[in-house]
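**Student:** Take a look at the letters that make up each chain.
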Amino acid sequence: MMWAVLQFPGSCDERDALHACSLAGGEARLVWHEERDLGGIDAVVVPGGFSYGDYLRTGAIARFSPAMEAVAEFAAAGGPVLGICNGFQVLCEAGLLPGALLLNEDLRFHCRQVDLVPENGSSGRFATESVGQTTTRALSIPVKHGEGRFWAPPEMLDEIEANGQVAYRYAPGQNPNGSARDIAGVTNERGNVLGLMPHPEHAVDPLTGSTDGLRVFEALAGSRA
Amino acid sequence: MAKARVLIRPKEGILDPQGKAVERALPALGFEGVEHVRVGRMVELEAEDPERLGELCEKLLANPLIEDYEIQTF
Chain A
1 MMWAVLQFPG
11 SCDERDALHA
21 CSLAGGEARL
31 VWHEERDLGG
41 IDAVVVPGGF
51 SYGDYLRTGA
61 IARFSPAMEA
71 VAEFAAAGGP
81 VLGICNGFQV
91 LCEAGLLPGA
101 LLLNEDLRFH
111 CRQVDLVPEN
121 GSSGRFATES
131 VGQTTTRALS
141 IPVKHGEGRF
151 WAPPEMLDEI
161 EANGQVAYRY
171 APGQNPNGSA
181 RDIAGVTNER
191 GNVLGLMPHP
201 EHAVDPLTGS
211 TDGLRVFEAL
221 AGSRA
Chain B
1 MAKARVLIRP
11 KEGILDPQGK
21 AVERALPALG
31 FEGVEHVRVG
41 RMVELEAEDP
51 ERLGELCEKL
61 LANPLIEDYE
71 IQTF
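Chain order of the listed sequences is A and B. First residue of the first sequence? That's 1 in the numbering used here, and the numbers climb one at a time after it. First residue of the second sequence? That's 1 in the numbering used here, and the numbers climb one at a time after it.
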């Protein structure tokens with residue numbers, strides 16, 4: 001299995017993502033934002049950070065990069081894509097995921113461990129069913145962001161929920177940013193693109209207190225085909 | 001080249017915590033009676049073809065899901 005981890009000017013979590021991918025199985029390589037070729041790649045991670053300085057809006061400029069054009073084609077062909085934090089924002093801006101991520105309700109940057117509840121019985125093909133089936137226990141994963149408030153118009157939220165596109169919610173009382181309906185992660189309708197505000201790549205080693213993040217990467221690997 | 005200004009603001013109904021923070025700070029400075037503060041941004045530019053500014057706003061300057069924009073040309 002070959003993973004690609006995108007790298008924009010201003011990305012900062014791509015090394016941890018590479019490490020997490022290799023722990024989940026297979027090889028992983030960085031793909032610079034000017035690369036347009038994802039040949040031979042089985043799964044893509046759009047990592048966290050501050051792509052292009054987050055100018056204008058988070059993720060707004062990164063979505064026009066050659067690498068993101070390739071990711072859009074890859075996703076359209078059914079390839080698994082995981083966007084984490086800034087990567088989630090990029091995927092929303094690119095129209096590959098529904099909704100948008102706004103300034104945290106309390107205007108503070110939050111960096112702390114949260115519990116994520118996988119949504120069971122949803123139609124998403126990875127990270128929902130595959131993670132949900134392995135355990136009903138919440139995943140302990142850190143968040144670190146200032147703009148992570150998931151928002152969509154109420155009718156879009158209803159649709160996302162009805163389609164089973166909610167992959168994870170913050171455990172009750174742990175919503176750090178005011179996200180609508182406690183949503184922490186969503187998939188596209190087809191279920192092959194997942195965006196997640198918390199950072200599974202920072203929870204793959206016992207040294208940092210939790211290895212739950214690895215399950216997200218394993219689910220992504222298991223969703224191929 | 002036509003000079004233009006694009007005003008971008010959060011859509012009505014979307015919580016704007018920046019606006020709220022500004023609003024809450026005002027009474028302490030003696031500015032009473034100010035309400036419904038919304039913080040957006042303004043982009044100044046010069047364009048050869050002002051007709052295309054709408055498209056430019058839709059694609060990059062604003063996110064139409066969460067923001068309204070207004071184009072002023074001079």
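Everything labelled a hint here was simulated from the structure, so no lab data went into it. A portion of the hints provided could be inaccurate.
[Claimed, not checked] The list that follows gives simulated cross-link-like pairs (lysine-lysine, DSBU-like), each with its CA atoms no further than 35 Å apart:
(1) B/K59 <-> A/K144
(2) B/K3 <-> B/K59
(3) B/K59 <-> B/K20
(4) B/K11 <-> A/K144
(5) B/K59 <-> B/K11
(6) B/K20 <-> A/K144
[To be verified] Quick look at which bits of chain A chain B covers, simulated, 3 or more residues with Cβ under 8 Å:
(7) 52-60
(8) 98-108
[To be verified] In silico negatives: residues of chain B with every beta carbon more than 10 Å from chain A:
(9) A21
(10) V34
(11) L53
(12) E55
Since the structure is predicted, the reported quantities are computational estimates derived from the model, not experimental observations. The beta carbon of each residue, even a glycine, is placed where N, CA and C say it ideally should be.
**Student:** Let me make sure I understand: some of the numbered hints might not hold for this structure. Which ones are they, in numerical order?
**Tutor:** The structure conflicts with hint 9 only, although it agrees with all the remaining ones.
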